[in-house]
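Can you make the complete structure from the sequences, with help from the hints?
Which chain is which? The protein sequence lines are A and B, in order. Position one of the first sequence corresponds to residue 1 (our numbering), numbered consecutively onward. Position one of the second sequence corresponds to residue 1 (our numbering), numbered consecutively onward.
Treat the hints as calculated values from the structure; they're not laboratory data. For glycine and all other residues, C-beta sits at the position ideal for the given N, C-alpha and C. Among the hints, a few may not be true.
Residues of chain A clear of chain B, computed beta-carbon distances all greater than 10 Å [unchecked claim]:
no. : residue
1   : E255
2   : E308
3   : I488
4   : E662
5   : P666
Taking beta-carbon pairs under 7 Å as the criterion, some of the chain B residues facing chain A (in silico) [unchecked claim]:
no. : residue
6   : P241
7   : R263
8   : A265
9   : G268
10  : P270
11  : A301
12  : L303
13  : I384
14  : T436
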Amino acid sequence: MRFRSHGLIGALAASSLCAAPQAPPAAEAISFFESEIRPILHTRCSQCHNDRLRTSGLSLASLQGLLEGGKRGPAISVDRPSESLVLAALRQSETLSMPPDGKLPDAKIAAIERWIELGAPWPEPSAKPAPAAGAGHWSFQPITRPQPPSVSQPAWPRNPIDRFILARLEEAGLKPSAEASATTLVRRVHLDLTGLPPAPEVVRDFVADSAPGAYERIVERLLDSPAYGERWGRHWLDIARYADSNGYNADAGREIWMYRDWVIDALNHDLPFQQFAIEQLAGDMLPNPSKQQIVATGFHRNTLLNLEGGVDFEQYRVESVVDRVDVTGIAFLGLSLGCARCHDHKYDPISQREFYEFFAFFNNIDELSGAFRNNEGRARAFEPVLEFGTDEEYLRRDAIKAQIEAMRAEQSAYQKALLARQPEWEASLTEAQIAKLPLGVQRILRKAPEDRLEGRQVFVRNEFLAQDPGMQERRKAIAAVGALLPKIPSTLVMRELPEPRPTHILLQGEFLHKGKQVSAGTPAVLPPLEAENPNRLDLARWIVRRDNPLMPRVTVNRVWQRYFGRGIVATENDFGTQGEPPAQPALLDWLASEFMDNDWSLKTLHRLIVTSATYRQASGHRSDLAAADPENRLLGQQNRLRVESEIVRDLALSASGMLTHEVGGPSVFPAQPPGVMIRKPWPESEGKDRYRRGLYTHFWRTSPHPGLMVFDSPDALTTATKRTRSNTPLQALTLLNDTGFHEFAQGLARRVVEDHPESGVAERAAHAFRICLARSPSADELETLTNFASAQLDEFQTYPERAMGILTLGSREGEEPAELAAWTTLASTLMNLDEFVTRE
Amino acid sequence: MTRTQLHLLHATRRHFFSQCFVGLGGLALADLLSPTGLHAASGSVSGSPLAPKRPHFAPKAKRVVYLFMAGAPSQFETWLWRPKLRELDGQATPDSFLDGKRFAFMEQFTKQRPKLLGPQRNFRRHGQSGTWVSEVFPHMAGIVDDLSLIYTLKTENFNHAPAKLFFSTGSTRYGRPSMGSWITYGLGSESENLPAFVVLRSGKRNLMGGANIWGSGFLPTAYQGVEFLRSADPIPNLSSPPGFSAERQAARVSAIRELNLARLAEVGDPEISTRIAAYELAHRMQTSGPELMDLSSESQATLDLYGAEPGKSTFANNCLVARRLLEGGTRFVQLYHTGWDHHGNRVNNLADKLDEVALDVDRASAALVTDLKQRGLLDDTLVIWGGEFGRTPMGEIKELPGRNHHIDNFPMWFAGGGIKPGQTIGEVDDLGFFITKDPIEVYDVQATILHLLGLDHTKLTFRHQGRDFRLTDVAGHVIEPLLA
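Have a look at this one:
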């Protein structure tokens, strides 16, 4: 709505009309087109007159379309502008008036006339940008291998990382912090590498182990543990926007957990990151790919799927391809390519054309598209998938399908014969019988057959068929056989179409507005991809090339960020010109080159970081640092970080002793508060599946488990390269009151009593404290705990029925309910402490 | 030390309440323990994401309640009286209306030329303004003189989830913050113990798009909408676990506080003080939350006005809860009521199902306006009513009368703070296909809501991935005829 007058258009049009006859300079003409004409075409014309619909044969998607015109002839005449058909239509002549939803303002029609007079200037879809623009930006420069600087405290550094860090601290006149206490350090490295707390015996042995290499041995054991892949896999799954449902309205479930398991397994085997990237982007196109390499391509099948009634599947396929471009750009290149979807990138050297050249790599997937309609499309919505059945299962499935087909044929013959009796049935219906039928059928039946609206008779027919016992029997029988179909596990994967789809620039990013056709290519600002007709596999190999400076920098920066709370480049998802420059460019490049030199091994990178003196520093308050470097950018100490949502659960679950140590498999449904899941199944898991790690919780995109969201899990709608760390009352309510945490507290209570059957309150309290926090309590802390536990115990011993009220999991033979209940309240107190959910 | 800290925590409790529920991050220890920290407690809290902020200019409305009719009500049976359409009921649709248009479920049209469907309900003029209102809304008909009714909304996407997302975030694609989040980001929270942005839902059908519609997108999570649930606990985990009496819960919270304070003294991390305050507030909410949702304290007259029944999870109850939230300082309450997707099948049609959903919302929508007015709150409360798009003048070939999705015109009404009452805006052609005067974009609605709250939609920006984003992208004009 434009209530304010737009004098500018009128003024420009008017002055142009009176201006000198020769055309203005090209740039000005194009800008006139872009600012005045394109918006009119876009908002008022091309909904109908586009390349796809070509109403009346006319498309306004290109100059060619206007010149060629439609059924009525050319739309514009550059030689005789005033006789252009489009002007007659816009002026609402008797024979033709456009647009149908109301005449354009006169000023806009005048602007269009002026534009035709100018020779209908129409921009070429943008060419490659001049490489000068932004090309000098730091992140596009080749990675060097800087020498670690010399420092004046040579005793402190444990490896080269520390020399970079220390040099900067020394420059600022600051000292690094001392090493964290053994208990803090051992808990820290457990949480960082595996997301699980150290067992009290591990802590005790580590504290007692004064032999050299004690810490390094812990690190090796953790890197070898399957929990490492779960911990770091979850970080990657954030980036992959992994979820167990489709999103959008219907948000139906999907089966893609095998991709999640592939990530865990790849990390546990320390698959070189180059290979990790290639298999996810194009594993299906590798020569003779293994099934697992194809499973890896689930990475880009984590896109949303809109199966709402009435959608154009093509529109949402295009959205998925755009998402793949975005996520590839952010995940591997740290570039927001998505900004160039509708226009050339405003800040970074990425043109709109280059966006669609990149888009072309992902545009050939044999997935749900505009080629399919409605139920036909919905029936193959998940294609392509990879199945993991046995030969026997496939044979059984074929047999059952054949049987169903035969039954359907028989049913259809029966139905044909039956329908002959429909008029008889209709005639036989009494008013009372009609009144019991569905409202719509009643209404139709009450009309004479000749008055019934064309197409509605089918509803009467359906009702007739539905009431027939023979039909009911057959339908039931078919459903019963259908239920015998084997449930064959499968996972969403990529598969190329035999014939590639042509890719066009989409004007304003809209799928109906096709501009010039483009072929696959990479942005000019990065090293060239030298291949004829490059495909997705070529792209993947190009991304991981050593001379692509972005991928290793982006990757090591993200790993760093997980350990210190902030990346060396703080804008971890934007290495473009609008992002922050690296705080320590030399350290970033040194890490990137070290990463590449060590065969792109993530485990080597982790080992390097967690064994550095920088990582091992204490995290306690230092007033000198608080004054000189309040954000701790120089890392003169470690940062305290609240752990992620899944780890909050894993910590409590571990402490309870109830954790199911099982890697992978279909997602599970742990308890959650009532009322959150609306019209979505949540078949609450029982037995061992109730106590799996947080990353195995089934993720419904439109109603995620509140325990995850309250602690800032990403929504899996777009890629997430960093998690926020909020600190809220809702978190307090979760830890205090949630059913799951209440069960974990009961588990820890049992563990404490079983471990110390004969001990007193203080000894047990200290044990529970060590299970939760690794360290031993101070005297004051122990006193608080002992007082609390003793008071609770007294109460429960006086009122035993109150104890039973607490113990929702019941008690076992030989257990004293009052004791279990008292230790449950103490256990839950410990699980609510700030320190419990914090990596110090 | 511990005693002093406890005292100070108590003294500063008020300012923590202003950040209730969400996002207590960023408070410095110094703020908490120094005199300036105490001073800050009476004014704004620096560094808190939810500290109240000044608007760009004087606002006309201090709070908003948005009654979202999910599924898209048919304009032809509610607010837009088209007698000509009734005359032409059953006639083939003129080609000029269909050529080149795209519709949801488009393929049915290729099977069979759609026919016009006359209005399925009667209309009468109401109020001083003489506004036409359908018989399905007898109560809203009684308040037309308080409303400003726009006939000429248009939108961009004819599928439910993206169209809802567009109203909420200004984009049909995921990833952008919702309007309530933008407003909370722009103005902070005024509330002592309630979230600034609350969502309530009701209705029998699935709410397409779900929790993503009130997400905070790339804004900090502190700004996302908090949904009050239909279960016994309006907020997840508001009740203590089984066997935890009030005394036991208090003892536990007290032990947690003592141990957290000890750790705070040891490591001095301000996050610990934030967490201590969060626990104190959480504990208090265990009482105040149920009180808010407990409608039994309302008079019978008020319950009757809304048609609310304590204990039920209805739109009427949600409207009443909304008023209580607004009174408590919540700035933006978004209600969603499903059941408007009347295509013509057994569960969604313009025969009996329209009456069901109209009954659900009519009385309570009118009651909310009336009640706010009686309490003197309507002057600075903006009330909004509308769906995500409209429905076609053509019928569908279904068992019962019904209409397809239509994005070229649909109605919305506004009432209260800053709105000129008793008028209609915009014109639509005789058959109800297209707007003939004053088209209003969804961005215009967003710009107007921000404007009424004292925010310039072109200036409320957030930098993300190197770009300054805004709710209205590069569009949006304040709907000036709407303003008083």
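To see whether the hints hold, each was checked on the structure:
1. Once the 10 Å rule is applied to beta carbons, E255 (chain A) is consistent with being away from chain B; the minimum gap is 20 Å.
2. The claim that E308 (chain A) is not at the interface with chain B is violated, since a C-beta of that chain comes within 10 Å of its own (minimum 5 Å).
3. Chain B leaves I488 (chain A) outside its interface by the beta-carbon criterion, the shortest separation being 29 Å against a cut-off of 10 Å.
4. Every Cβ of chain B is farther than 10 Å from the Cβ of E662 (chain A); the closest lies at roughly 27 Å, confirming the non-interface assignment.
5. At the 10 Å boundary, the C-beta of P666 (chain A) stays outside the reach of chain B, the nearest C-beta of that chain being 22 Å off.
6. Annotation: interface hint on P241 (chain B) holds; nearest CB of chain A at approximately 4 Å, less than 7 Å.
7. The beta carbon of R263 (chain B) comes within 5 Å of a beta carbon in chain A, closer than 7 Å, and the hint placing it at the interface holds.
8. Checking A265 (chain B) against chain A by beta carbon gives a least distance of about 10 Å; that is not within 7 Å, so the hint is violated.
9. Hint on G268 (chain B) holds. Least Cβ distance to chain A is approximately 3 Å, under the 7 Å limit.
10. For the restraint placing P270 (chain B) at the interface with chain A, the shortest Cβ-Cβ distance is roughly 9 Å, beyond the 7 Å limit, so the hint is violated.
11. Because the closest C-beta pair between A301 (chain B) and chain A is about 30 Å apart, greater than 7 Å, the hint is violated.
12. Hint on L303 (chain B) is violated. Least Cβ distance to chain A is approximately 23 Å, over the 7 Å limit.
13. Proximity of I384 (chain B) to chain A is violated relative to the hint, the smallest CB-CB distance being about 17 Å (cut-off 7 Å).
14. At its closest, the beta carbon of T436 (chain B) sits 5 Å from a beta carbon of chain A; the interface hint therefore holds under the 7 Å criterion.
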